[in-house]
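J.: I would like the entire structure built from these sequences, with the hints used as guidance.
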Amino acid sequence: MPELKLTVIEFAICLRPGESFCTHVGMTKVNHRCLGSSLMTAIMTPGLLIVIDLGTSLIKTIYTGRQGQPEPLALRPELVSGILPSQANAQLAEYADDPIRSAVVETNGTVYAVGDFALDLAGRQYHEVSKWAHLTPRLLAILGLVCTQLGLNQGCTATVGLLLPRDELQPPDREARLTAMQQAARAFTFRGMPLSCEVQFKITTEGAGLFTSHAAALNAQGRQANRLDLAVVMGGERNTSLLTYRAGKINPAYSSSDGYGFYKFALQLKQAVGGSVTLPELIQAVAQKRERLRAIGNEVVQLTPHVSRVLEAYASAITDYLQAKLPPGELNVVCGGGALGLIWPQLEQWFRDCDIPAVYVGKTLTGELQQIFSERSDFDPTQTDQMLRFADALGCYRAMSSRLQREQQQQQDKNGLMNAMTVRK
36 MPELKLTVIE
46 FAICLRPGES
56 FCTHVGMTKV
66 NHRCLGSSLM
76 TAIMTPGLLI
86 VIDLGTSLIK
96 TIYTGRQGQP
106 EPLALRPELV
116 SGILPSQANA
126 QLAEYADDPI
136 RSAVVETNGT
146 VYAVGDFALD
156 LAGRQYHEVS
166 KWAHLTPRLL
176 AILGLVCTQL
186 GLNQGCTATV
196 GLLLPRDELQ
206 PPDREARLTA
216 MQQAARAFTF
226 RGMPLSCEVQ
236 FKITTEGAGL
246 FTSHAAALNA
256 QGRQANRLDL
266 AVVMGGERNT
276 SLLTYRAGKI
286 NPAYSSSDGY
296 GFYKFALQLK
306 QAVGGSVTLP
316 ELIQAVAQKR
326 ERLRAIGNEV
336 VQLTPHVSRV
346 LEAYASAITD
356 YLQAKLPPGE
366 LNVVCGGGAL
376 GLIWPQLEQW
386 FRDCDIPAVY
396 VGKTLTGELQ
406 QIFSERSDFD
416 PTQTDQMLRF
426 ADALGCYRAM
436 SSRLQREQQQ
446 QQDKNGLMNA
456 MTVRK
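Each residue of the sequence shown is one higher than the one before, starting from 36 at the first, in the working numbering.
Quick caveat, the hints were computed from the structure, so don't treat them as lab data. In this text the structure is predicted, and so the values were computed from the model without any measurement. Think of the CB as a built atom: it goes at the ideal place given N, C-alpha and C, for glycine as much as any other residue. The reader is advised that the hints may include incorrect statements.
[Said to hold, decoys possible] Label pairs and their in silico Cβ distance ranges: (1) Gln256 to Gln218: 45 to 51 Å; (2) Lys324 to Gln256: 31 to 37 Å; (3) Gly309 to Asp155: 19 to 25 Å; (4) Gly144 to Asp415: 34 to 40 Å.
T.: Given below as C-alpha cells:
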C-alpha cells in the first residue's frame, strides 16, 4: 500500500478544532493547532476579496463578510512607527473590545500604531506623498481587522484590490513593492495575535468602480455605454482627478489628476477660524456638517461663518478645472469622492447649466450602500455623505467579484473536462 502523505493543512482537517500536533522544519519543532472551520473555508475557497480605497483622510475598505456579502471597514490613514510596548499595551487594555481604536501592527521588528491610535499619538497626515508610501503597515492593519471581524485567528487567503491614482499605477519598483508586501503579510502580528495571510493583488485605477457601475446603469437604460464618452470626476483631500472613457477604455488625452484637493481649502479654513483646532478635526467637522467644534482647553470654535465661503472657493476651483479639462462633444459624467460630496449642489447646478448629464455616485451604488450600512450599528445612518465615500470601493468590489467568479467557473469547467478525459482513458 503506498504511503499516505498529508500536508499540514490537510492533516489539520482530520483533527477536531483545538487539537494540537507538531511538524519539523529542518531541526526546528513547529507546534500547530487544528484550524477552525472559518479559517479552513478562507484557505480552501478563493472567496475572500478585500478592496481598499487608499484615501488620504479615510481608508475605505469593502471585504467579503461572514454571509458572503460585502461589508464596509473604515480606517484612518494616520501612522506612527516605533511605538513602545507600554504604549501598545495601554491602548489594548483600554480598548480591548475595539480593534479599530487599538490597531497595532508588528512587522519586521517594528511596531506601528494605525488609525485612531496613531491619531491619539499625533500621527501625521500624508497628503503630498505617493499612496505607495508606508502602505505595508496599513495593509497589514486592514488584514488584521478583517481577520478579527471574520474570526480567522490564524490568517486568511485573499485577493486584495488596491485603488490607486492613474499616475501611481506603475511605479518603477512596483513588483518589488508588491512582493515585499506579500512577504510581510505571511508573518506579522495584529494586536498581539500572530497572523499569516496569503494575498494576491489586483491593482486598478481610482474611479474604475464608479465607471463600471455607471456604465451598467446606462446599459440598463438601453444607452449602450461602450459607444458613449463617460467621465469620472473624483475629488478628495489630496487632489481632484478626471478619467475620461471612450469605448470603455481610458482616453489619456482627457484624463488627469492635477486638480486641487480639499486640503488646500481646509488650510484656509483653519486660518480663518483660528484657535488650537487641528486640521484632521476640522476636516472631519466639515464633512459631518457641524456648525462648531470644541478644541483643546474647552475652546469652542464657530465654523458656520467661514465654511460656506471656503466651500464656494473650492467649488469655483473645481468648476474651473472641469471647464479646462473636460473633452468636447456629448458626455455623461459620474462624480465621487468625499470632498466633491461637500459641494455637490454647486456642481450639480454647474453641470445642468452646461447641459451635461451628471450624477453623484449614482442610484445603483447609493442603494447598495444604504442597504449595507443600514445593518451596521458602528456607522451613523444619518451620515449619508460618509457612506457614499465607499462607492468607488464597492463598485470595484462588485466588478472584481464577478471577474473572480467567472475565472473560478472557467477553472472548474476546465478541471471537469480534464477529469472526464481521464475517466474515458
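J.: State for each hint whether it applies.
T.: The hints, checked one at a time:
1. Gln256 to Gln218: 45 to 51 Å: At 47 Å between Cβs, range holds.
2. Lys324 to Gln256: 31 to 37 Å: Between Lys324 and Gln256, where Cβ atoms are some 33 Å apart, the hint holds.
3. Gly309 to Asp155: 19 to 25 Å: holds (24 Å)
4. Gly144 to Asp415: 34 to 40 Å: holds (38 Å)
Every hint from the earlier list agrees with this structure, and none is contradicted.
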